[in-house]
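Visitor: Sequence order for the protein chains is V and F. One point on numbering: in my numbering, the residue at position 47 of the first sequence is 96, and numbering is uninterrupted. One point on numbering: in my numbering, the residue at position 56 of the second sequence is 318, and numbering is uninterrupted.
Hints in this document: simulated from the structure, not taken from any laboratory. Keep in mind the model is a prediction, meaning the values are calculated, not measured. Mixed in with the good hints, there may be bad ones.
Unchecked claim - A few chain V residues facing chain F, derived, Cβ under 7 Å:
(1) G91
(2) L92
(3) F153
Just so it is clear, CB atoms sit at the ideal spot from N, CA and C, and this is done for glycine as well.
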Amino acid sequence: KAGVTQTPRYLIKTRGQQVTLSCSPISGHRSVSWYQQTPGQGLQFLFEYFSETQRNKGNFPGRFSGRQFSNSRSEMNVSTLELGDSALYLCASSLAKGLGEAFFGQGTRLTVV
Amino acid sequence: GENVEQHPSTLSVQEGDSAVIKCTYSDSASNYFPWYKQELGKGPQLIIDIRSNVGEKKDQRIAVTLNKTAKHFSLHITETQPEDSAVYFCAAVGSQGNLIFGKGTKLSVKP
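Given these sequences and hints, build the entire structure.
Guide: Have a look at this one:
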């Protein structure tokens with residue numbers, strides 16, 4: 050069974066640009082959550098999608114957005130990039146909302162210069 | 263706000279010794295507590311979890327205990343091996359259903 054796939058693995062962007070990250074969940078999983086990981090703040094929840102609907106959102110500015118497609122694949126977008134957005138962005142796949150057992154992908158390492 | 267505290271932040275043990283990592287959570291409604299292992303350059307890997315109706319769960323060399331009254335849960339690794347070296351995260355489910363993570367424990371197992 051294939052795991053969670055995140056693309057790309059690495060990205061370098063310039064301040065002010067925007068970026069789109071992609072996540073393909075485990076087959077059959079309908080819930081996708083996104084987390085930001087930094088050395089200072091640790092793992093912080095961005096948002097969760099289930100059946101193409103955003104179910105809840107963490108405490109991040111509106112520059113961070115996402116969506117989910119009918120095949121459960123998800124994308125997150127960050128606009129007007131800031132240096133502080135440099136982080137490892139992780140996607141987690143779950144069978145359904147609220148059932149726990151979240152499985153993470155390898156992450157996308159975003160560097161903003 | 264909802265919070266998970268994790269201790270210690272770093273832990274160094276000799277191969278073969280046991281390692282214990284402790285976490286405290288704030289939301290008494292939390293009912294699911296997973297533990298993740300993250301190796302360098304990889305995403306967190308779910309290694310064991312426990313639900314609120316269970317006090318202890320074991321899987322080979324790892325075990326997790328939960329004290330709901332005290333809002334504490336702990337990870338125990340016995341007979342540690344060098345390949346256990348990694349960063350370990352505890353988590354609890356928040357009121358919105360998302361995972362709230364501790365800050366992590368860097369475990370080093372010396373051969």
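Visitor: I'd like to know which numbered hints this structure contradicts. Please list them from smallest to largest.
Guide: none
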